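Engineer: Assemble the whole structure, with the sequences as input and the hints as a guide.
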Amino acid sequence: MASAASDASIANPQVLNKVKPLDMPRRELVENKRDFHWVTEKICGIVEGKTPIWWWFLFACSIFLASFTGIGLVYLVASGVGVWGLANPVNWGWAIVNFVFWIGIGHAGTLISAILCLLRQKWRTSINRAAEAMTIFAVICAGIFPVFHTGRPWFALLPGYLLPAPNSNWIWPQFRSPLEWDVFAVSTYGTVSVLFWYMGMLPDLGVLRDRAKVLWRKYFYGILAMGWRNSNRHWRNYEMAYLLLAGLSTPLVLSVHTIVSFDFAASNLPGWHTTIFPPYFVAGAIFSGFGMVLTLMLPLRAVYGLHDLITQYHIDCMCKIILATGTMVGYAYAMEFFIAWYGANPYEGFAFVNRAFGQYAWAYWIMISCNVISPQLFWFKWIRERHWLVWIICGFVNCGMWFERFVITCTSLANDFLPSSWGYYSPTIVDIFTFFGTFGLFSTLFLLFIRFLPLMPIAEIKAVMPQADAHGDHGKGEHH
Amino acid sequence: MKRIFKHPKPTDNDVVGPNYWRSPDELAGDPRFDTWLHQEFPSGAAVAEEGDRRTFLKLMGASFGLAGLGLSGCRMPKKYILPYSKQPENMIPGVSTYYASSQPGAKEHIPLVVETHQARPTKIEGNPSYAGFGGGTNGYAQASVLDLYDPDRARKSASKQAGTLSRGAALDEFIAAHKAYVPKQGKGLAILAEASSSPTRARLVAELKKKLPQTIWAEYEPVDSSNPEAALAALAGKRLRPLYHLDRAKRILSLDADFVATEPGHLKYARDFAKGRKILNSSEAGKMNRLYAVESNFTLTGGMADHRLRAATSHMPAFAALMAAELLSMTGGSQELIAVLKKQGTGLKVDQKWLTECARDLYKNRGEAVVFAGAHLPLEVHALAYAMNQALDAEGKTVTYVQLPDVDSASITTLAEAIEAGQIDQLFVLGGNPVYNAPADLDWAALQSKAGKVVRWGYHEDETAVDADVFVAATHYLESWGDGRTMDGVYVPVQPMILPLFDGISELEAVAHLAGVAFEDAQGYDLVRATFNAIAGTADQLAFDRWLTEGVLPESEFKVAVTAIAPANVVKFAAGQAMAAQVLSKDRLELRIVPSYHTYDGRYNNNGWLMEAPDPLNKLSWDNAVCISPQLAEELGLLANPIKMDRDGNLRMNANQFDTGREQAKIVELQVGDTVVKGPAHIQPGLADYTVVLSLGFGRTVTGRIGTDSRRPEARPHGFDVYPFVTAASPSLALNAQIKVTDEVYEMANTQEHWSMEGRAIIREANVEDYEKHPKFVDKMGMESHSPPIYGKHQDKSDQFKVTEIPRGGSAYETPEFTGEQQWGMSIDLNTCTGCNACVIACQSENNIPIVGKDQVLRGREMHWIRLDRYYSDGLNPQDNKEERMQIPHDPQVSFMGVACMHCELAPCESVCPVNATVHDQDGLNVMAYNRCVGTRYCANNCPYKVRRFNFFDYNKRDQNELYKGPLGEKNDVTTTQMQKNPDVTVRMRGVMEKCTYCVQRIQEAKIDQRTKAKDSANVNVKDGTIKTACQQVCPVDAIVFGDVADAATEVSRMKTSDRDYSVLGYLNIRPRTTYLAKLRNPNMAMPGAQQMPLSRVEYENRYGHASHGGDHGDAHASPSSAKAHH
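As they're listed, the protein sequences go chains A and B. Position 210 (the first sequence) corresponds to 210 in our numbering; numbering is contiguous. Position 827 (the second sequence) corresponds to 827 in our numbering; numbering is contiguous.
Read the hints as simulated data drawn from the structure, not as lab findings. Only a predicted model underlies this, so the values are computations on that prediction, with no experimental measurement involved. There could be a bad hint or two in this list.
In silico negatives: residues of chain A with every beta carbon more than 12 Å from chain B [as the list claims (entries may be wrong)]:
| # | residue |
| --- | --- |
| 1 | ARG229 |
| 2 | PRO279 |
| 3 | THR311 |
| 4 | THR327 |
Computed, partial: chain B to chain A, Cβ under 8 Å [what the hints assert, rightly or not]:
| # | residue |
| --- | --- |
| 5 | GLN657 |
| 6 | THR660 |
| 7 | GLY661 |
| 8 | GLN664 |
| 9 | ARG711 |
| 10 | ALA715 |
| 11 | HIS754 |
| 12 | MET757 |
| 13 | VAL915 |
| 14 | GLY935 |
| 15 | ASN942 |
| 16 | TYR945 |
| 17 | LEU1065 |
| 18 | LEU1068 |
For every residue, glycine included, the Cβ atom is placed at its ideal position computed from N, Cα and C.
Structural biologist: The structure is reproduced here in structure tokens:
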């Protein structure tokens, strides 16, 4: 935390007078000089206040929407996978697209909590809790699809098939299959994300417990807080555990989507069999994850008046990450084409030309316009400051990323090696309902989260406020 | 299949000794049993005392049920039939028994060996003892076993007045009719039957005619093929039949004849023709025969042709006249005849050079050339064909004429006249379905009501049965005794494999009772036995047993007749007919009516296997279509919307309009005179421009659940009825037709949307000349030429080393261990495959593959384990011919490729399955553990050949119309259909992936058998040729060879040493065990339009071939010697 102005390491301090460095103060992470009490009141107030009417309305809508998934799955299991639009040659359709989509969404949370924590990006504090919750709910939504897309889910869930367990014939899962890697990658990711999220919440749950006036709240938060007493020893253990989990989660952020991308990359299908997939999928996942964080946080900010906690600076930061990852994704699209041409493999070449100009060209161009063109608007500050525009563009990003997975999964399958088996995939109403239902499930869980759990980490926000810094008033241009 | 157990009588010692018995017969013969029986069943004992095993089992069925005896015993036929060659010592549960039989047909019986499991026929195979077919059969024969178990077949006889009739009462109808007409000498009695080659039936008909001389015995076949014989009768005055010997022919000219797929005798013709195309190496390429095909429809024969000329069927007489004139002038034939012929041929627009060069080629090879005219063509064409064959010195060499026995039957027209005149007061309709399929100009439905009492003997309660006074249920041929002759006259038996499932009467029994044969002599067995005795000239039981065992009677074929066709007779024929070709146009179309690959003439309308198996050419399942040429489609404005990539020039346009994989066919109205028929139009490349091809057998109004299309709101039949265009005078051709396009659209289940290979090296083809110069041309095609499989330092090792060691070229990845003594592999010869579909249905029958129904096929969920890919090629490449890229080929070449699981050594499906459900066994099979499969479908995605099939629903359990109702839907009626299932193969449930297993059940059976024989010796290897996969067994041209690839001496290893052997998509380094022998064409370079290379190869060379990058690395055409350098 060295101060530039007083840095003795600079050989000749006079040089500063000569070059006149611009006075560029760090932007405040909590605006309007709020104090600690305000932060506590604000965040706890969301949980403790009366349930707003709009919450009930949204909650009812979400439950209703979520029931679509439930009905869809019951019908599916009762009748057979045939109720979806799948057929030879497109044996993976919306289910896998949705799985990759939701897993991608789930990336921002852990990235914000873990990587930004390790990189000491303090702006993460006001968004990480919600982003982590989003991650967990997205993983839940994602997890539904690989289980239920199987022909016999009752076996898929039984230990000894996908879950390694010795059975009477001593047959183990096939560890060379990327789908088996998925089982481990997603379950590990889900577990660590839940741990990270819950552990990070302990101090705040303690606060809620202490403030609770109703008996059930005392017990509810009391049990959840696991005896948190704010002691120094607790804090020391907490900080260490948090750091360890951050370290543990960091490779997971990269590994989960890398492994999900192996579902495609490890096959031999033109359009799937591509070495660029791991980085490209991770970039895409972060891209869509941040899109979803903004999609959720902007309305919350407006509804709960969190403008001082989620500032324009936060929004700028997230927009810039979207811009960067969107551009990476665009680069990957271009590189795929280049390699297909450079590799001189006619099947590979065809697969990519077919994506852009073939029967699914409409999906491809939706993907390009949403993922490559729309985030480029974030170069402009004017746009980043128009939050309704940011919100719309984030919607495009999410839509585009869904289409990216659709394009990869379906176009490659629909027109592969032998033209005799070419086909066309279109979803059925059951596919569509099951997918849209997961948005209901996601919103239901998220609404319950904002109603009952602290939306933001109270303690961590306080730690990045100027008041927390004992040396906070030392000169300008101080680095935090 | 009752077997007599010739156990010695129990000795006194046995009787007092412990209570063992070796068979129920023995038990029944045991004196102690009698005593016990009387105590146990005082009232039934008297019946059982007869010692008849069947009666015994009936009584004891329940008590022995647990021992498994009751189930197998209750369906045993009464008379003794004898198993074919592989007879197990006793009936062993789980071991199948094979019996020789044959499938009846109008012109020929197809000799069969029927596999039975505990007296249930489950699978039809060809009888290899009949050399002509070599064990080959066709799709119809394969599927006929399903008809036996058709839940919709007639189960009871019934009369309008008395309701349900017992079997005895039904028999009485025939006996009473005979008695009633004896005083009138048969006057007023008429019988309409199907044509048959059965000598027993002929004998009984003769007897009938003797006793009731005034009876009208008429025969009718909707697919008429009597013209070749009628023409010979007119020319030579004898009842002769031409038999072609295509194995001896080097040059063949086919005039609208589909001799590899639909002509009578096609199994033999296809087999013989293929013999002239079986080439192992380039050194033998010169031996290949050459086929010129002139045809209006695109037939499988046309698909095999080296030169194919599209010509209207109505132009065939004129074409034959010109061709005959050309040939006769070369041989110095009668000038008078030539002049007549030239006159007859005027007006026909045809490339003169085509005629001349074709004729010259035939003439140059006289003695080894033959002209084959389609059976549907008019008599004059056959007369000219015989004259041409005479000129080509073909008689006795490539064609022989055999003497047929005399028959005495009236035509349906004669019968119609008699009915019209009110002379008939009792009509028996034996088989057939005249109300549906009689010529439209006879208006049979109305006619039948004038015929007094109508007794209908039929297999289904169909259109004809609806208005009949009495309906008598028929038995299936697998339930009845019978006999018949093959095309060349070999006498074959029809043996019952099972007692009639329902109360049916066989045809022979029906005719015998009509003929007044004494009741005790009118049993099928006795009738056939009597005929056999007469034909074989012996009453020896052993001779009869031998005939039943072998399934053929040696030296019973028809005698070859020597005949010289006088040119004067031909002149009379040629001059007397109006042969001039009418000009055809959009407003003057000809309608060519052909039998359907699905239903034949309608008889297989309720057979799910045939309905679902796609037509080989147009790939439609469950429907027939109005097939029109691209030219006509263009004129009608029916062309499909261009597909998406056309702007980029990378995809050829689809011929038909598809929407999300479903063919959207415009309904058209066809009109001839006052007859209007509506049907969906399908654009079929390769048709003569103004010929519309229609297939028979659809649009049945009274049919079973398979023939009914429940997708359509009011449950209408599948397809549309073409019979309104069939007339007595011209059953297969209607002229002066008009076509009108309506706005209605009809969805058709087409299993192959895209027709072009897009220049990919999938089916590799060469011309003979090209092949002789570049024997290793297959290695110069496809990605493999750049990136062959990676064998590292083992590149030059033998195939046998490679299949056992699986070298990976230094890769660290572990490979499966192929430690089995025998390694299985397959070779498919694309040069002989005609695309006949028999393998598809044989596989379905052997492996319990469900049908899924039209709706599921529309969604792309057909389950066939082997499919036939069909590609058209016209040599055009979109980027080279921008202006033509939008065109659908008008005159393409077609090639077929049977694709089933290739059993890749490094199978991409295995490495992606998360649960180890698909793995390799030590013999190199890629096996499925159905119990393990959870259905992620990743394997299917990663299969580059897309041969894996997924059970999206419980297709076996659930009715095909109730799939979407889940557990609320109705279940299939499986009481009869499950009897067809092969007990050696798992019936898969929903959610499970399945695919070709190389018939692993047959492999295991043979291995177990061999190990049992080998005992402790090391001789455990199954002999080559013992195991035949179902697709291999059925193939009439032996295009599929299966066997041990670890042994260099096997047939399959020999095939794989061919220089034409290649792997499809070999560059993926997955090393398929099924490899292909490239297709060859043998064009005559002097012919117009002859190409240096086959069209598919032209497409490849233009698009991806080596020519484009300078030939600096082993250009196939620049330096064949550099072939080695590539690897």
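Engineer: Could you run down the list of hints and mark each one as holding or not?
Structural biologist: We went through each hint and held it up to the structure:
1. ARG229: Holds, because the least Cβ-Cβ distance between ARG229 of chain A and chain B comes to about 46 Å, which exceeds 12 Å.
2. PRO279: With a cut-off of 12 Å, PRO279 of chain A remains clear of chain B, as the shortest Cβ separation is near 22 Å.
3. THR311: Correct as stated: the minimum Cβ-Cβ distance to chain B is 46 Å, above 12 Å.
4. THR327: holds, 27 Å
5. GLN657: violated, 13 Å
6. THR660: This hint holds: THR660 of chain B lies near chain A, its Cβ roughly 5 Å from the closest one there, short of 8 Å.
7. GLY661: Holds - the Cβ of GLY661 of chain B comes within 8 Å of chain A, reaching about 4 Å at its closest.
8. GLN664: violated, 12 Å
9. ARG711: violated, 15 Å
10. ALA715: ALA715 of chain B check fails; min Cβ-Cβ to chain A is 22 Å, beyond 8 Å.
11. HIS754: holds, 4 Å
12. MET757: holds, 6 Å
13. VAL915: holds, 5 Å
14. GLY935: holds, 2 Å
15. ASN942: Check passed: Cβ of ASN942 of chain B comes within 5 Å of chain A, closer than 8 Å.
16. TYR945: holds, 6 Å
17. LEU1065: holds, 6 Å
18. LEU1068: Constraint on LEU1068 of chain B satisfied, holds at 6 Å.
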